[in-house]
Each structure stands twice: as structure tokens, then as C-alpha cells.
Amino acid sequence: MFYRLAGIRHTSYTADRALWPVPVDRVQIAVLLLLALVAPFVLPNLYLTSYLLPWIIWSTAALGLNLLMGWAGQIHLGYAAVMAIGAYGAIHLVRAGVPFEIAIILGGFLSAAIGLVFGFAALRVKGLYLAISTLAMQYLVDWIISHVEAISGGSQATLQAPAFRVFGIPIADDRARYYVALAVCLMVTAFMLNVGRTSFGRALAAVREKDFAAAVIGVNPYRFKLLAFWCSSFLGGIAGAVLAFCYYRAVTPEQFDLDVSIQAVAMVIVGGMASVIGSFLGAALVLLAPIVLNNLVDALAHALGLSLSADVISHIPLILYGGLIIGFLLIEPLGLAKVYDNLRNYFLVWPFRHARR
Amino acid sequence: MSYLAELAINGALVGLMYALTALGIVLVFKTSGVANLAQGALAMVGGYVMWWFAAALGAPLWLAIPLSLVVMFGVGRGIERVALRRMVGQPVIMIIMLTLGVEILLRGAAPALWGAVVKRLDIGIAQRPIVLGDILINRAYFWGGLVALLLIGLSLLFFTSRQGVVLRAVADDQAASWAVGIRVERAIGLSWGLAGVAAACAGILWGSVQGVDWTLSLLLIKALAVAILGGLDSIGGVLVAGIAVGVLENVIPGYVDPLVGGGTRDLVAATVILLTILVRPFGLFGREDIERV
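Top to bottom, those sequences are chains R and E. Note that this note's numbering has the first sequence beginning at 1, numbered continuously upward. Note that this note's numbering has the second sequence beginning at 1, numbered continuously upward.
Simulated from the structure, these hints should not be mistaken for laboratory data. Source: prediction; values computed, not measured. It cannot be assumed that every hint is accurate.
Claimed, not checked - Facing chain R, according to a computed beta carbon distance under 10 Å, are these residues of chain E, among others:
#	residue
1	R77
2	V88
3	P91
4	I95
5	I221
6	I228
7	L232
8	T271
9	I273
Every residue, glycine too, gets a C-beta built ideally from N, C-alpha and C.
Next up, chain R with everything else stripped away, as it sits in the complex (with noise of 0.2 Å):
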């Protein structure tokens, strides 16, 4: 009913190839693009800061997550490091005196060419080889991170972001830092909602399947799993970067450790693999859960008149990240992203099921 296929017809190979065919889609789309450049005049300072902010900057780093998890197959435990190293970076680098525009472009590049590193053992190992050895590659960025004065001031030290301005205009207050990671996330978003339609996804596509069979094919794996890497680790560190100036506000090692990597997978596993609306799903669920299901405890606590002790309440979030993962992995291996496309395959011939298409 809402999705309605008739009249829609691929005339042209440009209306064959739109990102969004069905046009109630297109106005969903609008809807919450408007949505999300209103909502700072709308929604109450908190919600905007601890909820709407660090979801659309998480979403931003699970699409960089999930490009190289779902488009290209490779497993990557260690991609808090690649972000810290973008948001290390991006602060010396204004610090220094870089414009932020650019210092953000040029801490995406260091993160990538550290995170290319990674990619190194992707040539040699996959699988669970890969998993671990990104994960010991995890342990050593964060040691080298926190242990180098020169980049974080000590073991104990706590950067602080300095004031930036993009474009000229300073960004003072937390409606404008709200719009400049909204403009990093959209940017994001495009490029992936893209990837799948170029030959760069393609391939991706093809060495996840098989590798071999994508050589056959004459897509050279070893330049595409690097590529990949390469991709990955630059929008992760450009996320890491916003993560730090405009949410955080300063950086301490502490932010990026091995739970924070995990908790990215998360998202993209809970969220769905290869999906763009997934990864904002999988970040959403990720984050807030433990938020609502805390308020929720408390709640019920209160009502039932039961004392929780402060160890049980602490240890929710943790308890909550490992049922959604194996869940999600035993009763819907393909995320969120499965249960809202379920939904939109039933609206899509709502009141005539038999009419399945």
C-alpha cells in the first residue's frame, strides 16, 4: 500500500539504476534528512548531545567498519586503534595549526596508512589467523599510544580538543559540532550507499565470496583486500576524529580499548553485514540499549521495591552486548538490517498477501 511498485517502470538505465526506485522510500529519506536538520531546534539539549550526537558519529565509523566486515568479507578486531589513531592525529594536527577541514582529511590518511599494516596480515592469514592477529595488532597500537609522550602525554594524560572553526566558522556550541559530524556522517553515508554500485564494490563482493574465484575472475584479491583496509581505515579514522572533537571533546587512550573495537563489531553484526541502514540500526541498538534498559531496571527496581546492588546495574551494558550479539548471530545472523527489510517486503503488498510479487 505505502510501497506502491505500480507505475514504476525502468524506461532509461538511469531509472534503472536509482539508489531509491519505490517513492514513498525517497520521502522517507527526505523526512528524516529534514528530520535530522531540524532536530537541533527541537529536541532538548540532552537528548541532542548524549543520544543524537554520538549515534550518528557511531553510525559513521560502523559504515567504515562494515565496508570491510560486509562488503569485503575480512574480519577486523582491532578498529578502536585505527580510530584513536585518527583522533590522536587530527588533534596534533590542529594543534599544530592545520585547519580542521584538512587535519580531519589527514588524520583519515595516517589511520589508513596504519591501518593498511593490518591488511598486511589480511594477505597472509584470514579467518580466525586474521581476527587474532588484528586483535594483538589492537594491544600494540593502544600500548605504543599510551605509552609515547609525544602523542598522549603520558599514561594518564587526557588531550584536550582545541576550539576549531570549519570553513571560517568557529564551532562554539554543540549544535553546530552536532552539524559537523551530521555532515561527516551524510558524506559517509553517500559513499556507501554507492560502493555496492561501483566496480570498486563489486570486487570487494567477489574476493568476500571467494578469493581465488575472484582471482579467476582477474580481481587481484591481495590489491582489493589492501584497498579495502585502506577504505575501511580512513573513514574510521576520520569517525575517530569527530568521535574526539566534536563529542568527546578531548582524547585519553582509554576511549579507544579493546571493549570499544568489539563494541564497533557489535554494531555491525547486530546491525546487519553489507547493509548501510543496518549500521545506523546496529549503532542505535548498541548504544541505546544499555541506556534504556538501565532506566528500565531502575524502574522496575523501584516498583518491585528491590534493592539491585550498584555491581548488577554497572554490569548491564556488558551482559546486554554479549546476549545481542549471540542472539542476533543464533536467531537473526543477518541483523536488524533482515528484520527491517521482513517489514518492508510485508508493506510492500500489505493488504493483498496472495499478491506476493
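Assemble the complex: chain R is given as a structure, and chain E must be docked to it using the hints.
Okay, now just chain E, sitting in the frame of chain R:
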């Protein structure tokens, strides 16, 4: 010289305890080809369960230790039955994430259930060190290493028993084992149960050294280093690699830490993993048929 010897001996004993944790990873990988990244959390749960029996319920040691081993056998089998059996045939990335999910879940659930403060676990080992000439050996490490050695030896012997032959058959070829009437699922369940037992032993021994809390699950990265260096499907390799990693992890910080300002201990395991994977991905004693790119 005696400084080096002291570091090396204590390191080797600690390494034996790492090897015990790694034993679980190797057993599971050998039989089912699944990477068991929940081993660290299993060790932690083992420590907690032991503490619960011994300190909270007041069971004597001779009862508490076997009881917690039995419970952990059940936990290991339970994980296999509930989670992993349904994942057969899924891509390896999914299975790795599933065991990581179990690790995270247990790491949250155990402290939530039993409390997050560090618990003292007393298994009757005196605090004072053993003095050998001018070398001091930590008594807890000594007994821990001895028990670990014994258990790894036992598991080597176990592979000559009837059940052990079944496990070896399953490790060699699952479909062929099925064809000759071996219940493959049960064999894999058994390997997970044994992994739980190995983890519990490691958790109890290590917990008696440093106390029981969530940091016990950090044994995972050391155990992974041991398992990778020794070869993911070699039990003898675990023994050699455990001692090697333990010695390196004690000797390197002993000499390098004063130069770089500390903290190199955490780095040794990660470096061992990376170097092994880059130079010899199948480890010292592993089979060489690991899928290469």
C-alpha cells in the same frame, strides 16, 4: 645471572598456567575447528564458582575443587549445546563473534551475580617463597605450574583412551567419523566440557595468585598467544609454547621495563602472536594445512 634464572623459572611456571588455559582453546579447535575466544571468561567463571563453593558456601577444599570442575564441565558443554551447535556451517566470522559474545556475556554476568570486588581465593598454599640457593620461587606459581604440567600430561594420556580416540577421529575427519558411527556432536560437546575443566583449573590456580575478579578473563590473550605459538591443534605444542611465552613475558619486562618505563609485559603476548602469524602461521607444532590466502 641468578636474576635471570629467577625470572625465567618463575616465568616458566606462570607459562604452564597459561598453557592450561590454552589447552581449552586447542582441544576445541582440534575437534571442531572452532576458535574458542570464550576461554578467558570460562577461566574467570571457574574462579568465581570455586570462590562461591569455598568461601560463600563454606565447602572444604577437597569437595569444592571437584565440584567446581564438574560445574565448569557442564558450563562448557552447555555453551556448545545452546550456542555453537546451531552455528555449524556458518562463516567463521560469525562463529568467532559468537564465542566473543559469550566471553562478553560471561564477563558481565559473573561479576553481576557474585559481586565485582576482588575475591580472595585461598587454596592452602603458603605465601612465603621457596628458596633455592639464591633464587626465590613463588610457592603459588610452583604448585600451579606443577598441577598444570600434571593436567596437560593427563590430557595427553587421555588421547590414548577410548574417548580420546573418538576425539582424535573427529579431529581428523568429521564426516568419516560420522560414517563409522561416532557421535560427532557428543565428541565436540566433550571437548567443550574439557575446555571448561581446563579453564576452571587455570582460573582456580591463577585466582589464588591474584584474587578472583573480571581481570581473570584477560588470560585470553596470553592463552591465545600460547595456542598460536604452539600450533592451534597441538597439545604438546601448548606445553612448549606456554613455557616459552611465560619465560619471555617475565624476562623481557625484567630487563626492558627499566629502560622504557614499564608496561612491556602486556606487549609480549601480542608480539608473539603477530610474529608467529607472520612467520609461521601454523605455529611450532601445528599441522601445516591451515588455509593460506
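Right, here's what the structure says about each hint:
no., hint, verdict
1, R77, "violated (17 Å)"
2, V88, "violated (12 Å)"
3, P91, "holds (8 Å)"
4, I95, "holds (8 Å)"
5, I221, "holds (7 Å)"
6, I228, "holds (6 Å)"
7, L232, "holds (8 Å)"
8, T271, "holds (7 Å)"
9, I273, "holds (4 Å)"
Hints 1 and 2, counting from the list given before, are not met by this structure.
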